[in-house]
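**Student:** What follows is the residue order along each chain.
Number of protein chains: 4
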Amino acid sequence: MKVKFPIIIVNYKTYSEATGKRAIKLSKTADEVSKETGVAIGVVPQLADIASVCDVVSIPVFSQHVDPILPGSSTGHVLLESVKEAGAIGTLINHAEKQLKLCAIENIISRTREAEMVSVVCTCNAAVSGAAASLKPDIISLEPPELIGTGIPVSQSKPDAVTEMVALVKHVNPSAVTLCGAGITKGEDVAAALKLGTVGVLVASGIVKAKDPRKVLMDFSEAISAAM
Amino acid sequence: MKVKFPIIIVNYKTYSEATGKRAIKLSKTADEVSKETGVAIGVVPQLADIASVCDVVSIPVFSQHVDPILPGSSTGHVLLESVKEAGAIGTLINHAEKQLKLCAIENIISRTREAEMVSVVCTCNAAVSGAAASLKPDIISLEPPELIGTGIPVSQSKPDAVTEMVALVKHVNPSAVTLCGAGITKGEDVAAALKLGTVGVLVASGIVKAKDPRKVLMDFSEAISAAM
Amino acid sequence: MKVKFPIIIVNYKTYSEATGKRAIKLSKTADEVSKETGVAIGVVPQLADIASVCDVVSIPVFSQHVDPILPGSSTGHVLLESVKEAGAIGTLINHAEKQLKLCAIENIISRTREAEMVSVVCTCNAAVSGAAASLKPDIISLEPPELIGTGIPVSQSKPDAVTEMVALVKHVNPSAVTLCGAGITKGEDVAAALKLGTVGVLVASGIVKAKDPRKVLMDFSEAISAAM
Amino acid sequence: MKVKFPIIIVNYKTYSEATGKRAIKLSKTADEVSKETGVAIGVVPQLADIASVCDVVSIPVFSQHVDPILPGSSTGHVLLESVKEAGAIGTLINHAEKQLKLCAIENIISRTREAEMVSVVCTCNAAVSGAAASLKPDIISLEPPELIGTGIPVSQSKPDAVTEMVALVKHVNPSAVTLCGAGITKGEDVAAALKLGTVGVLVASGIVKAKDPRKVLMDFSEAISAAM
Chain B
1 MKVKFPIIIV NYKTYSEATG KRAIKLSKTA DEVSKETGVA IGVVPQLADI ASVCDVVSIP
61 VFSQHVDPIL PGSSTGHVLL ESVKEAGAIG TLINHAEKQL KLCAIENIIS RTREAEMVSV
121 VCTCNAAVSG AAASLKPDII SLEPPELIGT GIPVSQSKPD AVTEMVALVK HVNPSAVTLC
181 GAGITKGEDV AAALKLGTVG VLVASGIVKA KDPRKVLMDF SEAISAAM
Chain P
1 MKVKFPIIIV NYKTYSEATG KRAIKLSKTA DEVSKETGVA IGVVPQLADI ASVCDVVSIP
61 VFSQHVDPIL PGSSTGHVLL ESVKEAGAIG TLINHAEKQL KLCAIENIIS RTREAEMVSV
121 VCTCNAAVSG AAASLKPDII SLEPPELIGT GIPVSQSKPD AVTEMVALVK HVNPSAVTLC
181 GAGITKGEDV AAALKLGTVG VLVASGIVKA KDPRKVLMDF SEAISAAM
Chain L
1 MKVKFPIIIV NYKTYSEATG KRAIKLSKTA DEVSKETGVA IGVVPQLADI ASVCDVVSIP
61 VFSQHVDPIL PGSSTGHVLL ESVKEAGAIG TLINHAEKQL KLCAIENIIS RTREAEMVSV
121 VCTCNAAVSG AAASLKPDII SLEPPELIGT GIPVSQSKPD AVTEMVALVK HVNPSAVTLC
181 GAGITKGEDV AAALKLGTVG VLVASGIVKA KDPRKVLMDF SEAISAAM
Chain V
1 MKVKFPIIIV NYKTYSEATG KRAIKLSKTA DEVSKETGVA IGVVPQLADI ASVCDVVSIP
61 VFSQHVDPIL PGSSTGHVLL ESVKEAGAIG TLINHAEKQL KLCAIENIIS RTREAEMVSV
121 VCTCNAAVSG AAASLKPDII SLEPPELIGT GIPVSQSKPD AVTEMVALVK HVNPSAVTLC
181 GAGITKGEDV AAALKLGTVG VLVASGIVKA KDPRKVLMDF SEAISAAM
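Chains as they are written, first to last, in the numbering used here: chain B, 1 to 228; chain P, 1 to 228; chain L, 1 to 228; chain V, 1 to 228.
Take the hints with a grain of salt, since some may be wrong.
Note that identical chains are pooled: a pair holds if it fits in a single copy or bridges any two copies.
Stated by the list, open to error - Quick list of in silico lysine-lysine cross-link-like pairs, BS3-like style, CA-CA up to 27 angstroms:
hint : residue 1 : residue 2
1    : K186      : K28
2    : K101      : K136
3    : K209      : K4
4    : K136      : K170
Worth flagging that the hints you see were computed from the coordinates, not collected in a lab.
Using the sequences and the hints given, assemble the complete structure.
**Tutor:** Take a look at the structure:
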């Protein structure tokens with residue numbers, strides 16, 4: 001596997017604060033914090049920024065999305081081979097903001113496996129996490145849609161949902177690991193996530209829109225170091 | 001306007017032959033042919049390749065698609081600002097393989113105008129070209145879906161459809177210009193397109209999958225030079 | 001044309017208050033008010049209710065949507081022929097809650113014309129209304145999405161948007177007529193819509209969720225009678 | 001459960017041969033054959049035909065699709081409550097021609113369960129069948145997309161895919177049952193399906209486009225009777 005755990009994965013979404021040059025700057029910060037603390041940090045820039053980000057960091061870089069296509073006539077779609085060649089080592093699949101059809105999810109997981117890339121399937125609840133886990137992705141990330149962007153941490157406000165998801169995924173596919181996300185803004189939210197049995201967090205605005213992203217990344221990393 | 005006419009715009013789709021390093025190589029070839037012949041050539045690489053291509057060429061680079069979004073929470077979507085910062089000077093909109101809702105097309109045309117980028121709306125027939133033209137894009141490109149990838153040139157097999165489109169666009173919006181595409185593989189197809197009143201062609205497999213793309217680009221460019 | 005103007009078109013959406021038996025009851029009310037007042041009223045029930053509603057009323061019944069398909073292998077899609085045979089005399093196209101791709105809109109308008117059905121294209125702003133009008137539908141209905149369901153009447157809060165739409169449609173396609181919708185709850189909103197040059201309103205919650213739909217329909221109809 | 005097994009479920013798609021009056025005629029034929037032979041037959045007419053079909057038959061009627069929505073503002077969408085009130089006792093979910101996002105599938109299965117309706121999730125391969133089964137639908141129906149409409153029966157040409165699906169579903173959710181479909185045109189195809197462990201077939205053109213649908217339905221029913 002091309003990533004180690006626990007891990008903090010930072011989704012840049014389409015935030016201005018993490019577009020173009022600012023994506024590169026934030027990625028360098030993440031790279032530095034990861035090196036300083038020894039804690040794994042992955043970043044998920046926009047498609048057009050993957051190559052530039054990969055040029056300047058050595059931490060894992062993920063794509064936000066790939067389409068269920070083979071090379072060919074698919075103008076405007078995202079080809080796995082293209083994000084891989086740009087330097088991504090894995091991809092989010094089925095993020096709440098870019099949901100996919102069931103057969104597409106299965107197809108993309110298979111294709112990431114063949115390409116030796118890391119698949120991170122995002123799910124909206126425990127039942128869906130179980131279904132996703134049965135398709136044998138590497139990572140399942142639970143993000144209750146009602147908490148995304150709220151600052152109400154899933155790991156502290158919905159611990160039972162996370163615990164249920166972790167148990168279900170373990171039952172269905174013991175070789176998959178789990179993350180949780182939504183509302184994660186503090187080290188204690190990350191610590192809570194680990195305590196519930198996940199191997200880390202998928203975070204977006206909590207880092208990207210922070211006044212001082214480095215400080216928050218340090219806070220998250222220290223929470224992970226303390227828990228190990 | 002950031003492009004000059006007549007122009008050959010080469011859509012790389014998601015072809016293996018134009019992904020990653022091969023996108024860069026093909027773009028350099030297009031750049032060289034354009035400089036040698038003085039004929040405008042634009043290229044449309046995949047999203048993940050835009051930045052790398054822009055680093056090595058000075059011809060116009062377009063995005064294959066942008067989404068009708070503002071900066072924010074749109075994981076996996078394509079933000080205009082992101083492709084612009086990567087170096088694209090314009091974008092395809094509503095390609096037959098990535099069709100968009102009507103309100104989205106209007107929104108994206110407005111946003112490209114504000115961003116001083118070039119909008120190329122793709123359309124499936126003359127009536128739709130007229131509707132698109134009324135939304136004031138810079139360029140309308142007619143591509144009858146039944147001819148895409150066939151090698152049967154629209155400019156020679158459906159001249160009436162092209163003529164009708166050119167007339168309708170001129171009537172609706174005299175400041176827009178027109179292209180045609182689908183099945184274009186030879187210089188004579190390009191010459192025929194110009195004769196029908198377009199300012200060039202949108203071409204994909206005819207160049208990307210050619211044994212010798214440089215030779216075909218030279219053939220196209222010479223047809224344009226001869227017609228000027 | 002199978003409808004006369006001015007007209008009040010009532011969209012039942014997927015409201016409980018207008019599903020199944022309650023769709024039939026509301027349709028009978030609309031039918032009665034139309035007969036009593038002589039003012040044209042059309043209703044737009046859900047797909048599964050079209051046949052039952054058509055069995056009991058003689059006012060025009062519209063479909064909420066049809067798909068851009070021909071008879072064949074399109075499980076779960078809405079075939080024009082099927083809603084026509086169920087009794088619908090026309091269809092909404094591109095409602096804000098069921099937006100369509102540009103080529104699909106053109107296709108459906110053509111198919112409604114061939115089937116001698118009435119096409120009502122919904123649009124989000126004046127520019128899009130102009131583009132839609134160029135495709136030669138029978139009716140264009142402007143519904144600014146930000147006002148839908150708010151009770152803030154488009155005809156009184158955004159008169160300029162309506163006037164601009166009416167003028168643009170008249171310029172592009174003098175044989176089309178216009179409606180406006182969003183936030184219409186009172187007779188005076190309907191009167192304002194007519195004054196701006198439309199031939200009526202497309203209304204949903206203002207009727208369907210009214211305590212006494214008959215009373216509101218009477219109020220709307222009287223406003224129309226007074227204006228004629 | 002509102003259906004008994006084995007069962008033949010006939011999907012009318014959007015075929016002309018099964019639209020409007022012809023849907024009613026075919027449904028009466030299915031009703032008669034079911035009564036004559038004692039074999040369960042279900043029919044899946046288009047949305048606009050559900051109510052009329054339910055008026056004239058007593059066999060189970062299914063919807064081709066429902067949307068993952070609650071009552072409210074969803075013009076043009078298909079509300080579960082609306083097809084239920086029209087008389088449908090269940091619904092197809094995720095047919096190959098109307099595929100759904102993973103979270104939508106989970107949502108619709110939950111809603112059919114609450115509404116005491118029968119859920120039939122269609123899947124493209126064994127792995128996806130397992131994922132679907134984990135969401136606890138009543139019935140999983142495997143239809144390899146490459147065989148749909150070909151007349152090459154899945155039960156005879158891909159027995160291993162069916163066996164694998166049956167085993168996986170049994171493992172994941174022992175209370176679910178399985179169907180298979182695609183290319184089913186003869187009684188022997190139905191017999192083969194039962195032998196592989198399914199409880200019947202989902203069939204479309206094999207019945208709808210048959211010269212004599214009654215004869216083929218009798219042939220299918222006799223194959224089932226012989227196997228019981």
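**Student:** Each hint should be assessed against the structure and marked as holding or not.
**Tutor:** For each hint, the structure was consulted:
1. K186 <-> K28: So K186 and K28 pass the 27 angstroms test inside one copy only (21 angstroms; across, 47 angstroms).
2. K101 <-> K136: For K101 and K136, the Cα distance is within 27 angstroms both inside one copy (16 angstroms) and across copies (18 angstroms).
3. K209 <-> K4: Answer is within; shortest intra-copy Cα gap is 25 angstroms, inter-copy 40 angstroms.
4. K136 <-> K170: both (11 angstroms within a copy, 18 angstroms between copies)
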